[in-house]
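Protein chains: 2
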Amino acid sequence: MTGRTTEQHMEHGKQGKHADAALIALDWGTTSLRAYLFDAAGNVLDTRVSTAGIMNLPVPAEEGGFDAAFEEACGVWLAPAPSLPVLAAGMVGSAQGWVQAPYVETPAGEDALVAGIVKVRAASGAEIAVVPGVLEPGALPNVMRGEETQIFGALSGMSGQAAQETALIGLPGTHAKWAVVEGARIARFYTFMTGEVYAALKAHTILGRTMKLPAAPDTAAFLRGVTVAREHGSAGLLATAFSTRTLGLTDQLAADEQPDYLSGLVIGHELAGLEAVLARRDVALAGCAPQLIGADALCERYRLALAQFGCTGAQVVREATERGLWRIAARAGLVRAAA
Amino acid sequence: MTGRTTEQHMEHGKQGKHADAALIALDWGTTSLRAYLFDAAGNVLDTRVSTAGIMNLPVPAEEGGFDAAFEEACGVWLAPAPSLPVLAAGMVGSAQGWVQAPYVETPAGEDALVAGIVKVRAASGAEIAVVPGVLEPGALPNVMRGEETQIFGALSGMSGQAAQETALIGLPGTHAKWAVVEGARIARFYTFMTGEVYAALKAHTILGRTMKLPAAPDTAAFLRGVTVAREHGSAGLLATAFSTRTLGLTDQLAADEQPDYLSGLVIGHELAGLEAVLARRDVALAGCAPQLIGADALCERYRLALAQFGCTGAQVVREATERGLWRIAARAGLVRAAA
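Chains A and B are the protein sequences, given in the same order. If you read the first sequence in our numbering, its first letter stands for residue 198, the second for the next number, and so on. If you read the second sequence in our numbering, its first letter stands for residue 198, the second for the next number, and so on.
Simulated from the structure, these hints should not be mistaken for lab results. One or more of the hints may lead you astray.
Below, in silico cross-link-like pairs of lysine-lysine (DSSO-like), each with a Cα-Cα straight-line distance of 27 Å or less [claimed, not checked]:
1. K399/A - K399/B
2. K399/B - K409/A
3. K399/A - K409/B
4. K399/A - K409/A
5. K409/B - K399/B
Rough simulated footprint, nothing fancy, chain A against chain B, three-plus residues with beta-carbon under 8 Å [as the list claims (entries may be wrong)]:
6. 389-397
7. 444-451
Predicted model, so just to flag it, every value in this text is computed and none were measured. Each residue gets a CB set at the ideal place from its N, CA and C atoms; glycine is no exception.
Generate the whole structure from the sequences, applying the supplied hints.
As structure tokens, this is what we get:
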């Protein structure tokens with residue numbers, strides 16, 4: 198799929214000129230590209246967002262799509278300062294990306310990420326340092342690309358003491374990740390296809406046919422779904438999902454309650470699964486105080502859902518992406534580390 | 198959606214004339230219509246199959262779509278014998294069907310189904326007796342339409358003794374059903390959206406992107422998926438499904454192994470869920486000898502998967518639909534019951 202990345206897709210910052218610019222950092226995923234311009238103190242001077250994710254480049258990759266997207270996003274910053282260092286994280290480092298930055302294996306600390314950086318030179322001459330993803334090998338392997346950078350961004354907000362202890366970090370979304378960080382290294386992590394499966398159930402199964410979008414998010418319906426998933430978790434999502442339909446058929450769930458109920462079911466099954474995998478290592482989800490990284494409204498849903506599992510200490514982390522990119526750039530020597 | 202039901206879609210029997218015809222019986226679902234012509238001894242004389250399911254009528258329902266589909270399927274049989282009794286089961290009795298035959302509640306025996314029959318008169322004058330579906334009320338209700346008829350068809354193949362005992366009957370498919378029959382009544386049942394979720398995962402998530410169809414069904418890949426679901430069932434399908442991708446990324450699962458691996462995962466999660474709901478009533482799946490109703494290849498997959506759960510006695514039931522329709526027609530007095 199070849200998408201468009203036009204000026205209209207950009208959230209323009211002010212002008213391109215920033216006399217104190219020190220770093221360009223990219224969060225370059227499958228469906229979007231977010232570019233940040235930092236000053237030497239790690240403050241974000243400007244942000245540009247486009248839809249030019251790696252599966253949605255303005256022209257095909259083999260016709261210079263990555264260069265075109267990069268130029269479109271960052272050309273205005275590089276024109277007055279062509280020697281600005283550039284760091285990128287996310288799917289841009291995958292086999293389908295601009296350059297492949299092979300996975301670093303768990304347990305993965307910041308130094309391992311920095312050591313795994315691979316560089317690619319743009320047509321314009323700029324050199325882009327690409328952060329590797331993380332692989333947890335095993336019978337059921339797990340992979341992440343981009344989340345590792347956000348996780349280290351979340352850690353940068355903790356005290357030195359807290360960052361050395363065990364932390365649980367959740368990244369809700371299309372493919373939700375839950376990472377266990379031990380001694381400032383990503384020790385292990387789990388992926389749940391929650392967002393993508395929810396979208397597929399709504400759009401491509403019978404469940405979507407009787408649904409109406411509510412005027413406003415229906416928290417009660419959402420929590421009802423979470424509770425059903427928690428209480429009937431062992432029956433599995435394949436079974437509980439059908440209740441979206443049968444509760445509708447029996448007039449126990451209105452059409453405009455069904456989307457949030459189903460959302461509660463899938464998130465509830467994710468958390469029931471998380472509880473089970475943590476329990477295998479004698480960790481109780483109820484005793485954790487997870488850090489959540491993601492869109493505010495979604496993180497708030499997770500906070501409510503986690504509370505149903507007795508986990509009431511969840512906190513939302515702000516600007517984890519920007520902080521993670523800055524921190525890795527500093528560790529990699531692309532910028533002078535702040536004190 | 199308005200579909201076509203043309204002569205080309207019919208599997209023609211011989212001519213329409215059958216001097217010994219005694220009953221027309223219809224299995225009329227969402228996407229297909231199967232019509233059977235029986236003689237007075239309950240033998241099938243002729244079968245006609247069309248794509249005129251209730252969501253796929255040749256003309257819209259409000260323009261006589263049910264009449265048109267019925268005439269197209271059965272007119273050739275009714276022309277020489279307009280007074281033949283007609284029985285129909287399936288979604289034709291739903292709120293979106295020709296006439297609504299309200300659900301009978303569990304525990305549901307044959308007499309309750311017969312008592313719940315609702316009749317509709319076709320434009321041609323024929324009267325169609327429509328079998329009701331079954332509802333299991335409760336916090337998470339379950340519904341079936343059509344499967345109740347197949348279940349009684351399966352029971353008709355058992356000895357009188359066996360039919361009075363507890364039986365577990367599985368109906369794999371788009372919405373797989375598992376029914377517990379006690380004393381010749383459907384005591385309770387469970388629905389798993391296995392087939393539909395599998396199709397949605399393949400066609401509408403990232404998992405489908407790296408898949409290739411194998412030249413022949415890959416039983417080893419299928420069983421590998423079943424085993425992963427059984428061993429990691431508590432993590433849930435949202436987690437294990439992602440292994441289809443990560444095993445591929447790490448060269449542990451070939452592209453043409455991925456479809457059957459994922460099929461094994463979803464069926465494995467269905468059986469893990471079934472095992473859990475049966476266990477709540479102190480029934481061990483491993484100790485059951487389920488009857489399976491469905492397409493041969495799919496039932497064979499389930500037999501193999503069930504064996505992974507220690508359940509080695511599963512047997513496939515043939516012609517459950519035809520036998521169930523005949524049995525209910527006899528009980529309803531539409532035909533003289535065979536000895």
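Handout entry: Hint check, failures only
Key = The structure breaks none of the hints.
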